[in-house]
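Visitor: So you can see what is in the structure, the chains are spelled out below.
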Amino acid sequence: MLIQQIINGLTVGSIYALVALGYTMVFGVLRLINFAHGDLFALGAYLGLSFLTWLALAGGAGPLLALAVAGVLVAASVGLAGVLTERVAYRPLRGAGRLPAVVSALGVSVFVQNGIMLLWGAQPRAFPHDLVPDRAWAVLGVQFTLMRLVILAGSLLLMLALYLFVQNTRVGAAMRAIAVDHETARLMGIDVNRLIQLVFLIGAALGGLAGVMVGLYYGQLNFTMGWLYGLKAFTAAILGGIGNIPGAMVGGLILGLAEALAAGYVAGEWKDAVAFVILILILLLRPTGLLGERVAEKI
Amino acid sequence: MANRGNGAGEAGVSRVALPGLNAGPRARRAGAGAALLAALAFPLLVGFDRYYLEIGFHFFLWSMLALSLNFILGGTGQYNLGHAAFFAAGAYTTAILNTRLDIPVLWLLPVSALVAAVLAALVARPILHLRGDYLLIVTVGFAEIVRIALRNDVFGLTGGVNGILGIDRPELFGFRLTQPVHFYYLSLLFVLLTVFIAVRLENSRVGRAWSYIREDELAAEAMGIDTTRYKLLAFVVGAALAGVAGNIYAAKMPVIAPESFSIWESVVMFAIVILGGTGSIPGIFLGTFGMVVLPQLFRGLEYYRMLVFGAAMVVLMIFRPEGLWPSRRWRLAVRGEDEPAEAGAAAAPTDPGTGAGAAAGGAAGTG
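Protein chains in written order, with the working numbering: chain H, 98 to 396; chain P, -8 to 358.
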């Protein structure tokens, strides 16, 4: 029972972690909480639904291939939506203080959320659930389903790829440089705006993929889901230490575990409150998060 | 297209309105008097039409909520995106005590205000020191916890998802309020009360301390202002008035349910204050008109209204970050300019370069 809850928690937690990466990367380079990120995640889920439906109509492809193609399409389109958001709503306000940027981000969030409602309807939508073969193994009384393994492996691979990219490539080094200081980075010949676009592209693409995973896992989409998942993922980012990429991963996994354990052992209907309690406690007690360092400038 | 036209129209309104605002206290008082007369005569003008009176009630209710939030957001510059929680506290206090103990609704008015204020004091005290956007996210989290608690029928009092039904209609000196027109005037009365409190506070020692804190907290602290106490006071006053609004809402509505106090309600209040012009009372009425009344008047466009508002929030922040009808103080603070900037501010909508000077400069530097 306990191990089962842990497996469930890690699966959901890895999805939170993927979304949290978008918050943490944007915060790292712009010191901005991208309130629209949760809704881009929801956009990814809905686009995934549409792409999968079209691919199924086109026929021919096996379910896993369809899933892979849809994943690439979602990552590309949500990534572009992220870049567009930055260009339209955030770049003109860079340097204009925090409040205008926050309101602008909220505006994008409202816009995307209601755009989703207009395009896909206000009623919850069912997500195709037969894409990943319904296979399960019982090891020592613990159920491992193929679905969970696909989600867990997929998100861990994406996170590993991102981590290696940021740590080991020249572009990754440039990203880390602008997270420290825009001006100096610019003097070193780094095209700051291009890199910020890249950060939004990667962050939004990962968020969109996480949306598809949520669709696969729960089988149902709701146009307001972006807010809830967004807040939880943001909690994960804070928990790990915002601006810190490994922190977001750790934070997401811990949050998923905490929720699963609370749902399993305390009270299921309070599950959604767990994240918010953690959010408030962490900001009060250890605002730098578990892996964060730089204190004063952030809070 | 529609959106763009809308934005230009709004900017036009504010440009016309601004000289009026600056025309000195006499003109301002005359404007307020005319607005009050129009509000008093409104039921006659619409022939006691239920539909328009309902809209009028909601206009005043939301104005009151936004005004109460303005103590926190405009007064001291604390980003509270969980104001619906205090509204809920007032509404549920009234609903629970009325249905369980049969206490008359209007007697519960001070109780609702008190409960909301105590809640605010308890919640706000530990989070006051957080930086702006963190405070914002914590208030969102707090409001969500409150909503989840209400949904889960906490202590068996809140009735879960369905909420609470069967709240008595209020009685005033033996006269039972039942018709839309009664509630229209009730809400008008309380909006006036809120405006009165806001104006009196603005020009008081407390109001000056608040604007000090908003402009520069460190300097305020250095001048001997107990910033923590004054920030907490802003939360308590704002929450108490939201609690009063909750009482009136409970008195009017047949049912009080958790979904009336969701994050979206908080976002609307927040947007009214910011879009209307932070810190400005006429701006808040204008913002409420835009956010609450317009969508109800154009029901056919209902589905598109949020889309338009989302876009309007972005466009306004880029071209007119101080809101449609800002208070002078706030406008100068946001623009970071002096008096002659008036022309520049008015020209901004046609010239993106002026509106986003720093950012445009940055883009040019690397682009």
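Hints in this document: simulated from the structure, not taken from any laboratory.
Some hints could be false.
Here are the simulated distance ranges between beta carbons [to be verified]:
#1 Met214(P) - Arg267(H): 16 to 26 Å
#2 Gly123(P) - Leu284(H): 23 to 33 Å
#3 Val277(H) - Gly147(P): 18 to 28 Å
#4 Gly194(H) - Phe146(P): 54 to 64 Å
Okay, the calculated bits of chain H under chain P, using three or more residues with CB under 8 Å as the criterion [to be verified]:
#5 220 to 227
#6 237 to 246
#7 308 to 316
Examples of chain H residues toward chain P, derived with CB under 10 Å [as the list claims (entries may be wrong)]:
#8 Arg128
#9 Pro197
#10 Ala198
Please read these numbers as outputs of a predicted model, since none were measured by experiment.
Quick reminder that beta carbons are idealized off the backbone N, C-alpha and C, glycines included.
Visitor: Any of the earlier hints contradicted here, and which numbers?
Guide: Failing hints, ascending: 1, 3, 4, 5, 6, 7.
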